[in-house]
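> Listed in order, the protein sequences are those of chains G, P and Y. Its first residue numbered -7, the first sequence is counted upward by one per residue in the working numbering. Its first residue numbered -7, the second sequence is counted upward by one per residue in the working numbering. Its first residue numbered -7, the third sequence is counted upward by one per residue in the working numbering.
Bear in mind the hints are in silico, worked out from the structure with no lab data behind them. Keep in mind that this is a model prediction, so the values were computed, not measured. One or more of the hints may lead you astray.
Stated by the list, open to error - Here are the in silico distance ranges between beta carbons for each label pair:
id, chain 1, residue 1, chain 2, residue 2, range
1, P, 46, G, 142, 33 to 43 Å
2, Y, 8, G, 33, 37 to 47 Å
3, P, 247, G, 33, 52 to 62 Å
Stated by the list, open to error - Heads up, simulated DSBU-like pairs for lysine-lysine below, C-alpha to C-alpha not over 35 Å straight-line:
id, chain 1, residue 1, chain 2, residue 2
4, G, 145, P, 247
5, P, 112, G, 242
6, Y, 172, Y, 83
7, Y, 112, Y, 140
8, G, 83, Y, 242
9, Y, 241, G, 112
Backbone N, C-alpha and C fix where the C-beta goes; we use that ideal spot for every residue, glycine too.
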Amino acid sequence: MRLKRKDILSIEELSKDEIELILSTAESFKEVSERDIKKVPTLRGRTIINLFYEASTRTRTSFEIAAKRMSADAINISTSSSSVVKGETLKDTAKNLEAMNPDCIVLRHPSSGAPEILAKYVKCSVINAGDGSHEHPSQALLDMLTVKERFGKIEGLNITIVGDIAHSRVARSNIYGFTKLGAKVTVVGPPTMMPSGIENIGCSVSNRIEDAISNADVIMMLRIQLERHEVPLFPTIREYSRLFGLDSKKLETAKKDVVILHPGPINRGVEISPEIADGPYSLILDQVKNGVAVRMALFYLLLGGSRE
Amino acid sequence: MRLKRKDILSIEELSKDEIELILSTAESFKEVSERDIKKVPTLRGRTIINLFYEASTRTRTSFEIAAKRMSADAINISTSSSSVVKGETLKDTAKNLEAMNPDCIVLRHPSSGAPEILAKYVKCSVINAGDGSHEHPSQALLDMLTVKERFGKIEGLNITIVGDIAHSRVARSNIYGFTKLGAKVTVVGPPTMMPSGIENIGCSVSNRIEDAISNADVIMMLRIQLERHEVPLFPTIREYSRLFGLDSKKLETAKKDVVILHPGPINRGVEISPEIADGPYSLILDQVKNGVAVRMALFYLLLGGSRE
Amino acid sequence: MRLKRKDILSIEELSKDEIELILSTAESFKEVSERDIKKVPTLRGRTIINLFYEASTRTRTSFEIAAKRMSADAINISTSSSSVVKGETLKDTAKNLEAMNPDCIVLRHPSSGAPEILAKYVKCSVINAGDGSHEHPSQALLDMLTVKERFGKIEGLNITIVGDIAHSRVARSNIYGFTKLGAKVTVVGPPTMMPSGIENIGCSVSNRIEDAISNADVIMMLRIQLERHEVPLFPTIREYSRLFGLDSKKLETAKKDVVILHPGPINRGVEISPEIADGPYSLILDQVKNGVAVRMALFYLLLGGSRE
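Take these sequences, add in the hints, and give me the full structure.
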């Protein structure tokens, strides 16, 4: 089995069937990481380049571990050691990397759309590992896998996403993904963090977290990315936390079997209180575990076997 | 054979039998690095993460080479490219890495006790690759292996450690290790670099290097780590070097078969003169060679075979 | 087959036969990178250290991919994470790395002659990956391979090298290489970028690019390395570009089957116009592709099989 596409650039472009194929493939790879010998020979001799223009422990590590567990060769390039400092364009970097015959380039980039540009320039597969405030498809796929594991389905669930919706590629990918699989998505956050017209991509908007979580099956808390805001979007962190941070008190109004997701790294005490992050509703570490499986599945479905 | 413990956090916690098992296992791995094909399949499919919060060429490289020669997959994470810059706690980093199913995390950290905290949070093995001024157990193990190879034994030897005892994790690990194996350890250095009560962990204290080396079988010179001192601990480097640096003149009073160790990287002309560092008494490069073997042994004894 | 030398430090030191052996070996390795399983077991269990004191995406990545496709273990050390910051000398770094039993050290260094010093200190092979303004032998080898593929030969061709000859290790290596293989090399650039006496190593000198390219079979444009010049060597980038940059207009006077090389990364619109860089005469991406094959050949010829 193989995806009939070269790249994974966004959830927006994936069909429901494609998403379900990725999730079921990822489920089948989970047990590899539970073995003593956490390695399958499937992608031996394939070359995967992790090209990261933004720092990231967990995403780069997750892709690198996934590549190695599939027996592929993984090459890491980060901006700090790259010729980006010499002013090379993305196109030239792309064409040069392609000339070394990689099978896949995993790209994280601060500019929305960079992976799409890269994918046009290279014949090999491109996976978007997060581009600006556009999309982060492998994150949404691992979120969907985590929810599907818990509830046995995604259709009909109420998903509430809380935080800086306007700047969040995680939110955008998840809105596309969960609505395609039949869930109802509500987004909530301060007005300054809510992009106008977000309803057009299929979600509802709420202004009060208490309203938005009362009927939620899944609450996804977004990271407050202070480092990305040129001007402050709310008066103080304390005020943000009081109004939109998730703590035990706010959670009292939620369903008994609600689950909490967060893409990490978490700001403890800002968007999520420690007792919630570490508590019984939290699936945060399941998300990380599923991240490796989803990325193994993406590599397998893009590079493995023969293309149909 | 396997150690009956999950982690290697300190020499203080190891028994004499455990140390001897590690040393004899390391001896048996030395020949692997002398082969054309420097690789054994023992740890194929195991994932080892090198998590370094302080820069280090030799220690990180030594662990990485050791992992690869055991056929394990090695993943490097350094602070410069990590989400540490995003303010994540060590606990969250730990739980997140654990969720990716590593078999071992090798941690270097500027804070004493960080590896112990990490080890409590994760089910996988943790090896302390140097924590603050606490311990650096793999360094002491390679030092013990180097001395044992030269003298055929450690019991009864006189070991003199010279330099900044108060700030040296290498000194602390070696004091514990050599005294457990029956050697007599003397430490010497300026009063400002001598922690009060250091005698309580089993060593003697001297204030003059000439006294301390006259009867020594092994002289271990510590690196002067100027980068760690907030206030100067001696008036000038020249004065330190004159009083506590090892040169040919001071060495005249030593035993004919004395050997010199240094954990590196050396400050030539400060704590050790070039003719001593490169001379016939120096075992500095044997230490580096034994470092790879000791780390292969640690990986083997923690991860290899089935736990008893 | 194996080279009867330990190191590749310069093209100057290689004989014509050695260069031809490397090129023909590289040709035979090219198809490995075209396979699905881009890997041969030849150098399994060999340890190759990429020691880079200058940032470089393409060169480090090319060596790393070459090592992995030969099944060697590749270890990357860059200055940002190395104990260089602790002031260790190159000699001590060399002896310490050697003690870990690598089979080859690939060195990039800002100082001319550093690889030669390293090679004296270590028993393992050393490959110069660019040292100051001295040489960059693997670059010249991939350039020669690219030209040989296109023309079927090198003897008798006219090679014109344009730009900052004085600061270019690429120019020096190529002058030696192409003249050894029987080509005629002409260098052209502003007088401030032309080293006095460059004719003595076998090339002709021209001051006008139009003169120098009219009879050229190969035009090699050098990168303007603004970051290396302590004082400006020409009034403005625009003036440099007008006088010595290659564009369609200047190329009108060239031969119909002329080819354009550039070591990359290119400064579009400075030394080369975009329509030339991406146009039909450009072999820039063939150079990159051949870079992996040349480096696989170097590893094979230095480390593979048994030394004669």
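> Against each hint, give a clear statement of whether it holds in the structure.
Each hint, compared with the structure:
no., hint, in the structure
1, P:46 - G:142: 33 to 43 Å, "holds, 39 Å"
2, Y:8 - G:33: 37 to 47 Å, "holds, 43 Å"
3, P:247 - G:33: 52 to 62 Å, "holds, 56 Å"
4, G:145 - P:247, "violated, 76 Å"
5, P:112 - G:242, "holds, 31 Å"
6, Y:172 - Y:83, "holds, 32 Å"
7, Y:112 - Y:140, "holds, 33 Å"
8, G:83 - Y:242, "holds, 25 Å"
9, Y:241 - G:112, "holds, 29 Å"
When held up to the earlier numbered hints, the structure conflicts with hint 4 and nothing else.
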